[in-house]
Amino acid sequence: MNNSTGKTRFTCRVVRLKTALAGRASNATGHVANCPECQAYFRTDEILVTSLRRATAQETQRPSADLAAKIALAVRQSAPAPRRSHRPVALSLFAGATAALAMAFFVVRENLPIRPTAPKNHATSEISSSDMAGLVSDVDQLRIRFMNSVEPTATKLAAQNPLTQELKSVQADARSALGFLALNFIPSDTLQSPSARTDPKRS
Amino acid sequence: MPLLPQPATGEILPAPSSDFSVDARLIADCLRGEMRAFDEIVHLHTPRIFNYVLHMTRHRQDAEDVTQQTFIKAYTHLASFDPTRSFIAWLLTIARRTALNHFRSAKNFEQVAEETATQDPTPDRQLEKRDQLDTLWAQARRVLSDREFEILWLRYAEDMSLEDTARIAGITQTHTKIIAFRARQRLMKLQSQS
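Chains A and B are the protein sequences, given in the same order.
The numbering used here numbers the first residue of the first sequence as 1 and each following residue consecutively.
The numbering used here numbers the first residue of the second sequence as 1 and each following residue consecutively.
None of these hints come from the bench; they were simulated from the model.
Please read these numbers as outputs of a predicted model, since none were measured by experiment.
Treat each hint with caution, since some may be false.
Said to hold, decoys possible - Counterexamples of contact, computed for chain A against chain B with all Cβ distances above 12 Å:
| id | residue |
| --- | --- |
| 1 | 11 |
| 2 | 17 |
| 3 | 29 |
| 4 | 31 |
| 5 | 32 |
| 6 | 74 |
| 7 | 137 |
| 8 | 153 |
To be verified - List of simulated lysine-lysine pairs, DSS-like, C-alpha gap at most 30 Å:
| id | chain 1 | residue 1 | chain 2 | residue 2 |
| --- | --- | --- | --- | --- |
| 9 | A | 156 | A | 18 |
| 10 | B | 73 | A | 70 |
| 11 | A | 156 | A | 168 |
| 12 | B | 177 | A | 18 |
| 13 | A | 18 | B | 73 |
| 14 | A | 168 | B | 177 |
| 15 | B | 177 | B | 189 |
All residues carry an ideal CB built from backbone N, CA and C; glycine is no exception.
Bound conformation, chain A alone (with noise of 0.2 Å):
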C-alpha cells in the first residue's frame, strides 16, 4: 500500500522482510490477502525469479572444448593421489594422546606426596590403621590443593570469557534498538495508559 508521498508504507516493507525470511507461511499473509500492492509486489517477484531462472541458458558459455581433457591431464600430472581417509591421523592422534596421559599419570604418581610410613613388617600382609588414615589424609590435602588451584582460575575465565561479553554487549544493542523502534514506530494511541484505553466511559 502507497502514502501520498508515493514510498511504501513501512507495514508493507515488514511484511515483505518478513516473508523473505521466513517465507510464505509467515503470519504476514493477513496483511497481503488486504494489500493490493504487496499482491502486486509478490507477483511481479515471482516473475523476476522465473525470467532469472529462464535467463541462465542465455547467459551461460561453453567452455573450450578440450578445457576438460587439459584439466584432467592437469590433474594426472601434478596433483598427488588423493588421501585414502583421516582414520590414520586420528589413530595416531589417539595413541599420542594415550602416551601422553599415561606419562602424565606415570608422573603425578612419583610426585605424590606421601607421608613417610614406618618400616612395616613385611611378614604380614595387614594394612595398619593408622596408614590408612594417613592415606586418607595425603589424598584430602591433594584434593583440596588442586580445588584451590583450578576453581578460581575458573571463575576468573568465565568471567573474562569474550564470548560472554560480546553476548551481553549484544543484549544492550538489541535493548537499544528495540527502545528506539518502540519510540519512533509504535502509534501514539498505544502509548496511552492502559487506564485511558481500556475504559469506554472516558472517551
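Based on the hints, put chain B in the right spot on chain A.
Relative to the frame of chain A, chain B by itself:
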C-alpha cells in the same frame, strides 16, 4: 562494463539437481584409485564450475585457469568430502576460494573486467556486447554489487539450496535471504523504471 563475450547456443549446464548417487559412485571409484572416475567427474562438472568462475572473474582465460586449479584441489582433498553433502556445492566452494586467492595478490575483479573490455575492439564483438547489455543477468550485473550478484546467481542460475548458497558464500542463511531480497528489490525497481 561487465560483459559476457559469447552468446549461449543452448542448454549448457547439466541439470542443477544432478544425481547425487552418480557423484557418490564416481568419488568412491576415484578413492579406490580409478583415475578414469575423476575424468568423468571433470567432464560432468566443468561447465558449471567454469561458468560460475567466469561470472566472478569475467575473463575466459582466468576462468579456465581457476577451473583447473579447482579440480586439482578437489582431487587432492577428495577424501575429506562429506558424502552427505552436495558435491557440486563442495566444488563451487573450492572454486570460489580459488578465484578469490587467484586475484588477491594481483588485481581486483573490477580492474580485470575493465581491461578485458578494452582489449576487445572488433565491431561485431561490440555489437554482440551491446545486445547482451539488455539481458536480465546483464542488468543484474550492472546494478547489483558483486556479492548480491553472486547470491542471485547461486540461488537462481545454479539452483542451489539456501543452505548450500550460504555455505558457498561463507555467510549465514539469514544473511543470504536478506541479500537475495534486497537484490530482487533493486532489480524490480529497475524493471519498473524501464
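Here is what the structure says about each hint:
1. In this structure residue 11 of chain A is separated from chain B by more than 12 Å, as the shortest Cβ-Cβ distance comes to about 16 Å.
2. Look at residue 17 of chain A: its CB is around 7 Å from the nearest CB on chain B, not clear of 12 Å, so calling it non-interface is violated.
3. Every C-beta of chain B lies more than 12 Å from that of residue 29 of chain A, the closest at about 17 Å, which supports listing it as non-interface.
4. Interface exclusion of residue 31 of chain A from chain B stands, the closest Cβ pair being 17 Å apart, more than 12 Å.
5. Non-interface call for residue 32 of chain A relative to chain B: holds, since the shortest CB-CB distance, roughly 15 Å, exceeds 12 Å.
6. Taking the minimum C-beta to C-beta distance to chain B, about 5 Å, the non-interface status of residue 74 of chain A is violated against the 12 Å cut.
7. With a minimum CB-CB distance of about 53 Å to chain B, residue 137 of chain A clears the 12 Å threshold, and the non-interface call stands.
8. Annotated as non-interface, residue 153 of chain A keeps its C-beta farther than 12 Å from every C-beta of chain B; the closest such distance is 34 Å.
9. Using a Cα cut-off of 30 Å, the hinted pair residue 156 of chain A and residue 18 of chain A is violated, with the two alpha carbons roughly 42 Å apart.
10. A C-alpha spacing of about 15 Å is found between residue 73 of chain B and residue 70 of chain A, which places the hinted pair at or below 30 Å, so the restraint holds.
11. Using a Cα cut-off of 30 Å, the hinted pair residue 156 of chain A and residue 168 of chain A holds, with the two alpha carbons roughly 17 Å apart.
12. The straight-line distance between the Cα atoms of residue 177 of chain B and residue 18 of chain A is roughly 10 Å, inside the 30 Å bound, and the hint therefore holds.
13. With a C-alpha separation of about 40 Å, the suggested pair residue 18 of chain A and residue 73 of chain B falls outside the 30 Å cut-off, and the hint is violated.
14. Between residue 168 of chain A and residue 177 of chain B the CA atoms are separated by roughly 26 Å; this keeps the pair inside 30 Å, and the hint holds.
15. Restraint check for residue 177 of chain B and residue 189 of chain B: satisfied, since their Cα atoms lie roughly 18 Å apart, inside the 30 Å limit.
In this structure, the hints that do not hold are numbers 2, 6, 9 and 13, in rising order.
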